[in-house]
Every structure is written in structure tokens, then in C-alpha cells.
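Protein chains in written order, with the numbering used here: chain A, 1 to 326; chain B, 327 to 578.
Some hints here could point you the wrong way.
Now the stretches of chain B that chain A is said to cover, found in silico as 3 or more residues with beta-carbon under 8 angstroms [unchecked claim]:
# : region
1 : 375-387
2 : 401-411
3 : 433-439
4 : 482-493
Quick list of the computed label-pair ranges, beta carbon to beta carbon [as the list claims (entries may be wrong)]:
# : chain 1 : residue 1 : chain 2 : residue 2 : range
5 : A       : P89       : B       : K518      : 46 to 54 angstroms
6 : A       : R188      : B       : K518      : 33 to 41 angstroms
7 : B       : D506      : A       : M28       : 41 to 49 angstroms
8 : B       : W339      : A       : W299      : 48 to 56 angstroms
Hints were generated in silico from the structure; no laboratory data involved. Positions of the beta carbon are idealized from the N, C-alpha and C atoms, including for glycine.
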Amino acid sequence: MEQIKIASPKRNGEGIFPFLTAAAAVSMLLLVGAIFLVVLWGAWPALRAFGPAFLFSAVWNPVIDVYGAAPAILGTVITSLLALALAGPLGVGTAIFLSELAPHWLKKPVSFLVELLAAVPSVVYGVWGIFVLVPWMRTGPGLFLESRLGFLPFFQGPSIGVSVLTAGLVLTIMILPTIAAISREVMRAVPQDLREGLFALGATRWEMITRVVLPVSRTGITGALLLALGRAIGEAMAVTMVIGNANVIPVSLLAPAQTAASQVVNEFPEAFGLHLSSLLLLGLLLFMITLLINLVAVWLVYRTDQWSSGARQPGKLKGKGVAGHA
Amino acid sequence: MALDVTIENLSFWFGRQQVLKNVSLRACQKEVTALIGPSGCGKTTLLRCINRLHDLYAGASVAGKILIGEENILDAGTNRVELRRRVGMIFQKPNPFPHLSVFENVASGLRLHGLAYGRSLRERVEACLRKAALWDEVKDFLDRPGALLSGGQQQRLCIARALAIEPEVFLMDEPCASLDPVSTMHIEELIKELQEEYTVIIVTHNMQQAARISRQTAFVLHGELVEAGPTAELFVHARDSRTEAYLTGKMG
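In isolation and in its complexed conformation, chain B is listed as follows (with noise of 0.2 angstroms):
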């Protein structure tokens, strides 16, 4: 069940630093939003505020909604865990737990969960294995160390990772910065398909990528959201002179 996410007016300090200015967005359900802006704009932070991951960490503090359909997740009485299983993350560096194997690692959420055992769990980590097209590759070596893979591939076993206990909203915080062109191509895919079915938030610092991949696209500079449109129209006619300025290499 894929449901929209709304951020009204939000605002982000780590200590008295203000990081995040009053942002309002939308994504919608079944659609890739891409976060783009220049390095330290905001754009991650941002991303992490959806699944309340600064919560991890003293001296942060936020102002402002964010509702996943109709429920506020900032509310204090959020339960975070909950939350936390109903927002996937995939992070910029592929981080497969270097202690697992490969079907451990996708099955973790799930036997975190207490979501599935026996062999509901083996066919559950390989439709996911699938799912993010990497079964093929991965078939005879299910028991070897899930870190022992390339780096493309340790990231499509994030998403495994993320996908087994199906979440509704998948935060994607560069997930292809330090994979080559070929491997940043099956992810771009795998992104593709996955907003058949979820709510998909991409930062990237890859404008080619936010054009090819997204829907809708919006730009943040320090710490503010300067605008954001649909990307066939945002990347033509840029209604700031600051995107345009950003989108054509003149700044950032």
C-alpha cells in the first residue's frame, strides 16, 4: 500500500544551526520524487526527517508536519520503530550487514519483525531477491557473506533488504553514488519498477538521473525549497532564476 507523503512547513536544527527552512512538499503515492540541490543544501537531512532517523542523535530539532496519508509522524507520540518499518531506506554507501550472508541479510527485517519463519521466509527473501534483480546473481550463493559482493550488487541487496518487510515509502539517499554506470543503470530500473507499487523519494546529486527517473523533482538550496514541479517541466522552464541557474552548471 503505497500512500502519499506530505511535509508542511518543516524546519530542522541540529543545535542552533538551522539546517531545513520551512519546506512544504509533496510526493505522491506511486511516483519517484527527486530531491536535487547543490552538496550541505539540506537535501539528505531532509530525507532522514521522513523516517526520523536524526532522532538517533543528541542537539536535533524539528518543526513542522510530516504525514505519511493522514498521520503525522512528527507527533510525539509516533511510535518510531513502527515508523521505521513502514519507511524503507537505502543509503548513499551500500551498508549489507558484514556479519550476515546473503539470505540473512534480506531475511534481518524479517526475522526482526517476527514477519515470517521456515519456509515462508525462504520464499519471502527470494521474491525479493527477485524482486530486486538479483536472484540470478545471487542463487548459488546465498550463504556466502552478503559483503563480499560487488558494489552494484550489495545495493540492489539493500533494496532486497528494504523491500522483504514492505514498506510503504522508500527514501533513496543517493543510492547510486558510488556504484559505476552499469550497475547506477539496474538500479535506475529496479527504482522504475519500484513506483509501480510505493511512495519513492530520491536525493541525487545526478540531474541526468532526476530527469530520467522522476515524476516530479524539487530543488533545495541551503536549507530552503526553492521550488519544485513536475521534472519534464522543471528541467525546460524553471520558474527561479536560481534552479535554472543551478540546472545549467552556473551554479553548485
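Pulled out of the complex, with its shape left as it was, chain A reads as follows (with noise of 0.2 angstroms):
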């Protein structure tokens, strides 16, 4: 290879931008490990005084310095999966609108329109639900449940507004964009010819859309759900607004509660000593439970890629011992 000489006597970008984009790629890990060691840091005094009771005692005094989070992970952990199951159909009803069924001249204005919904800051779905969700929730639906379903201890009132149900519908609100989005862009990844397989053999449109596209497409679906679930635990503003901030275990869908998230953003900024520290660790748990979903967010994408992306590729298990002789 020594007889090629290259013309050009400059050319250090080929040794400087690897160089470059590994320091960049590298930097975004130490970021994270650094968030993760500060959080851990403040975090510790509240770890070794109250070790895993923290995790499931309700009491939470700064007068007597004893703190649990039993009720702000319950009620995210509520919040979020009632989020979940309400945004979750529909937004990936909408994308299949989107994807397969609209005609062309409303597929991209509603496509637009979705992902404006994205693009709200959550404050502003903040305000919206003081202004129009709670008042609506306290006489409306919240009234409705309460007086029907009253005697369950999930709807059991009174219904002032702001409540878990609430919380729910706001984020419900808030993960819909991203949910219909996501899914949409993956049910047009569906290679057309598979579609067109379908049809062929004599399916109609509702065969080809839940024997072809939602299976091929699910792994990007499952992705987009648990994206969402992450935006919905760690959502901290909007919730905070209507939620009602008490903190009690939450068993009334109709009661106001907490989130971690809102915890933090109601006592932040006057916790100090071990008040601060169990903040803390409660973002810690955060931390740790968004890192789980995304961890187990991969493994599913990893695990149903391994197909999905052989499939295209013709003569992958040659080596493995299909009598093939093409």
C-alpha cells in the first residue's frame, strides 16, 4: 500500500473528526454518570437513614424528619399506567387512521396537527387544566363517577377537580403526540409490498392492517408506549398543577395526591438537610425507573430486530444449515 501517495498534503479532518465525534459521543456518557453521582451524592444521608423503608413507608413529616415514598411513587406509577392505558389506543388508533386509512388530503394536516400537540410546553397544559380540565372535572365527570360509582373506594368523592383522574387525563393529553407519531412513522415503514402481499391473497383492508402492518410494526409500537410512559413519570409541571399536591396514599381515582415529580417541584426550593436529601433520592428513584423502561425498551427492540432485520436480508441462516441451494 506504500506506492500510494495522496495528492493533497492536508488532510488532518481525517484524523481530527473521529476524534471529534467519539469526545462528543463519550462526553454524553460522562454527563449522565456525573448526573447520576450528584444525585447519588445528595441523595446518600436519606439513603442510609431510612435504606429500603423509604420505598414503602407513607409518612413523609419534615417537622419530625422521618420521610417515605410510598405515596409519590404510587401515584405516579397510577398517573402514568392510567395515562398509558388511555393514550395507548388512542393514539395508535390514530395512526393507523394516519398511516393507512385517511384519504390524502387529511393526512397531512392531521399529521401536522398532532405533532403541534407535541410541541406545547407542558405548562401551558398546566394552565389549560386549572383552567378548563379541573372545573370541568368537578362538576362534569368527576360528579358523574362520584354519585354512580361512589360506593367503590376508587371513585369515592367528593369530587373537587383536581385529582389523580386529572393528572391522568392531562398527561393522556401530553403522551398522545408522541404515541400516534411515533407509531405512525413506524406503520409507514411497513414496506408496501407486504401490504400489497396481503391484499393479493384476498384480505381486506381490516385483515391487512392486524395480520400485516400492527405485527410488523409492533416492536416500533411497544417503543413508542414506553417512550411515552417515560415522558408521563417524569412529567413534573402540568401534573403538579392539577394533582392536588396531598400527600396520602392514593385509592380515589377522585382524590387529589402527588408524583415524585411534583413532589420535588413543590418542596425543592425550601428543603434543606434530609428533607432535601430524600427529595433527592426520591429523583434518584426517578432516575432509575425511566433507566429501567428504556433498558427494557431495547431489550425488545433488540430481541425482535434480530428478525426484523434479517428478514430483508435473504440467506441469513445459510451458515446455520438450511439445505439451500441458492
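Please assemble the complex out of the two chains, which come individually in their own frames, going by the hints.
Written as C-alpha cells, this is what we have:
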């Protein structure tokens, strides 16, 4: 190879460019690591003081300096799952409509509106929640649920508007565009020849969607749902504004409660000492929960990607002994 | 049961652009009819009219008749889902369903139409894989993803999938375009066997292939059917000078 002389003497970019990109990539890892360490450092006193009991205790009392995260964690889990349960079918349905069914002239404007929803700052959703959703929940659906299903502990009144359910509804609206937009992209990526393949066998559009589009894109849809769940878990501002911020184990969907993120938002400015450390421990828990969700998402994607990426490359099994000739 | 496919004065438009002009052609049962012509001449469009796959897209319009047996399938009242069950199609690029196993790929049409269950389903799948000359190669891999087979195996899998629902007509859109010569030979042998039971219409860019496997050849140019006739005759004495120019490589 030495006989080839490169004409231009100054081609340093070749050496510097990989270094710069590698530095950028590594700095991301360092940043995440640093955040983790700082939060862990701050949370350490609370971790030492309460240990695993922090997770299960419902006491959060700055006067006696005893803290437990059970109400906040349960509030986070319930509001997020509620939002996912409502926004999941709605978002995937929207995506199916936009990708498979909508007439051409409707696709663009509706897709644009869906993406616009994602661009609205969360505090705006909070304000809308306070002035529109909360009064409506107090008199409308909240009152209805209280009067009809109030005998169940989950719908016990009084319905005062701010509640777990209201927070769940705001979160639903907030994560809906994430689910709809990503699912739509994933469905659009399903090769057209697969759709035509089932149509050519005599499938209706409904059969084509349920037997080809959804199964082929299920990995991506799962990814969209998990991403949305991550967003719902971490959302602080809008939830703080409509959940009522009561430090209780949430039982009734119509009662005020709090989430880990809303508790941090509410108390962080005035906290010090073990109180501050407990809030940081709450943050650490959020950090780890979202990390876990992402790991599961990546694992799911990787597991199903093995066949779906091999799918379009013929002959992958040859080495493993398919008696092929081609 | 095989039926003749008779195309009468077929014209086809995408939006304002006319893709097919007054095409008439009869594809006889138990024969292979080859459609040849340069890229973009409308061969594939013609093929996709026969199972009305164009209906899936906005802007397609059609005039004329396509008779399968005695029935005009371009009638407004035609049940397109039922039509596509009766008219099998093989695509240019093998398109096995990536989320389904070899077995389920072949079973997909049967399950779709509820034609077989349990043991009879397994027997039908095996019979179709044997017919598609794929059984011996995949019998130990039936539960592996169909998309992990080689390109030639994938295409035969698609043929088995189409065979399973017992169509009357087979449409093939350059089925060997993405395959190597050995796989091509396998598919060609298969097509020769298919013509004993079915009406086969095949689009091909490979004129040797048309000569090897078809009884009748039709030459399409700029959306018009220039001429059609028995393959042996057309390749030796083309009546139209444009056909001769294309066959001898002076055009297209």
C-alpha cells in the first residue's frame, strides 16, 4: 500500500473528525454518569437513614424529619399507567388512521396537528388543566363517577376537580402525540409489498392492518408506548398544577394526591438537610425507573430486531444449515 | 379449475396519464402467457389490472373488460376480495411475511379465508410446499421465520403461499428478477408445472425466459399491445418491425 501517495498534503480532517465525534459521544456518557453520581451523593444521607423502608413508608414529615416515598411512587405509577391505558389505544388508533385509512388530503393536516400537540410546553397544559379541565372534572365526569360509582373506594368523593384522574387525563393528552407520531412513522415504514402481498391473497383492509401492519410494526409501537410512559413518569409541571398535591396513598381516582416529580417541584425550594436528601432520593428513584424502562425498551427492540432486520436480507440461515442451493 | 383470461379494449389511467391504450389479449387456460417489453411500457400495470390491485390507490381509473371465464371482473359489483382469492400473484421481490414462520406464511391465506384448520391445514401446507419444490429444504425449519430463507427459497415460499388458496389464475411480475440463475431455473421448472393446472401470465424482462417457458408471448410498447402470438412463431417471424427490433436488441 505504500506506493500510493496521496496528492493533497493537508487532509487532517480524517484524523480529527473521528476524535471530535468520539469525544462528543463519550461526553454524553460522562454527563449522564455525573448526573447520577451527584444525585446519588445528595441522596446518600436519606438512603442511609431510611434504607429500603423509604420505598414503603407513607410518612413524609419534615417536622420530625422522617420521610417515605410510597405515596409519591404510587401516585406516579397510577397516573402514568392511567395515561398510558387511555392514550395507548387512542394514539395507536390515530396512527392506524393516518397511516392506512385517511384520504390523502386529510393525512397532512391531521399529522401536523398531532405533532403540534407535542410541541406545546407542559406549563401550558397545566394552565389549561387548571382553568378548563379542573372545573369540568369537578362538575361533570367527576361528579358523575362519584354519584354512580362512589360506593367503590376508587371513585370515592368528594370530587373537587384536582385529582389523580385529572392528572392522568392531562398526561394522556401530553403523551398522545408521542404515541401517535412514532407509531405512524413505524407503520409507514412497513414495506408496501407486504401490504400488497396480503391484499393479493384476498384480504380486506382490516385484515391487512391486523395481520400485517400491526404485527410487523409491533416492536416500534412498543417502543413508542414505553417512550410515552417515560415521559408521563417524568412529567412534573402540568401534573403539579392539577393533581392537588396531597401526601396520601392514592386510593380514590377522584381525590388529590401527588407524584414523585410533583413532590420534588413543590418542596425543593424550601428543603434542606435530610428533607432535601429525601427529595434527591426520590429523584434518584425516578432516574432509575426511567432507566429501567428504557433498558426494557431497548431489549424488546433488540430481540425483535434480530428477525426483522434479517427479514430483508435473504440467506441468513445458510450457515446454520438450511439445505439451500441458492 | 383453470379459466381463460380475456382482456378486451383495456385502457388504464393514473390520474391524467394514460398508461394502457386499448389493449386486447387472451391468455388461455393451462398455458403460460409472457408479457415482454421495455421498462415502463405498462406490462406490470396490465398484470395488476387482472387482480384489481390498482383499486388500492387513488387516481387509478380503467375502461374496457377483463373476463375470467365469462365474468367481467371490472364490473362495479365485483367482490375484489373474492377476486384476489381466485387470482394469485407473485411479486418481483419475494415478499414473505417477516413476522410469520415458514409454515404460517403458507397457511396465511388459508387462515385468512378459514379454508383449513388443524390437521387438514398441516396437510395443505405440506402439499403446497411440495408442489413448490421447497418441502425437502424447509421441512425441518417450518417454525423458523420465512424471511430467513434465501431469495430463491423465499420466492418459492411465496408461490406455495399463493398455491395454498387454489387460485384459478397465476400472475407473476418478474418473479426471477432478483434471483440467481440456479434459483431462476427452479422457478421456471415450477412455472412449467403450474401451467398444467392454471392459467399463468408472467411479466419478464428476460426474453430467453419468455422463449423457454411461455406458449404465447405478447409485446407491449408505450402502453399498447404491439402484437401477440405463439411464442415459437413470434420469436422467429415477428409481424411488426418494432417487435423484431426489440427482440433483436435494437430497441429497449
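Right, here's what the structure says about each hint:
1. Counting residues of the region 375-387 of chain B whose beta carbon lies closer than 8 angstroms to any beta carbon of chain A gives 4, which reaches the threshold of three, so the coverage claim holds.
2. Here the region 401-411 of chain B counts 5 residues with a CB under 8 angstroms from a CB of chain A, which clears the bar of 3, and the coverage holds.
3. Requiring three or more residues with a Cβ within less than 8 angstroms of a Cβ of chain A, the coverage given for the region 433-439 of chain B holds, as 4 such residues are present.
4. A count of 4 residues in the region 482-493 of chain B with a Cβ less than 8 angstroms from any Cβ of chain A is obtained; the coverage claim is therefore met, three being the minimum.
5. Distance hint check: the CB atoms of P89 (chain A) and K518 (chain B) are about 51 angstroms apart, consistent with the given range 46 to 54 angstroms.
6. Distance hint check for R188 (chain A) and K518 (chain B): the Cβ-Cβ separation is about 40 angstroms, which falls inside the suggested range of 33 to 41 angstroms.
7. Judged by the Cβ atoms, the range 41 to 49 angstroms given for D506 (chain B) and M28 (chain A) holds: they are separated by roughly 44 angstroms.
8. For W339 (chain B) paired with W299 (chain A), a C-beta distance near 50 angstroms keeps the hint of 48 to 56 angstroms intact.
Of the numbered hints stated above, none is contradicted by the structure.
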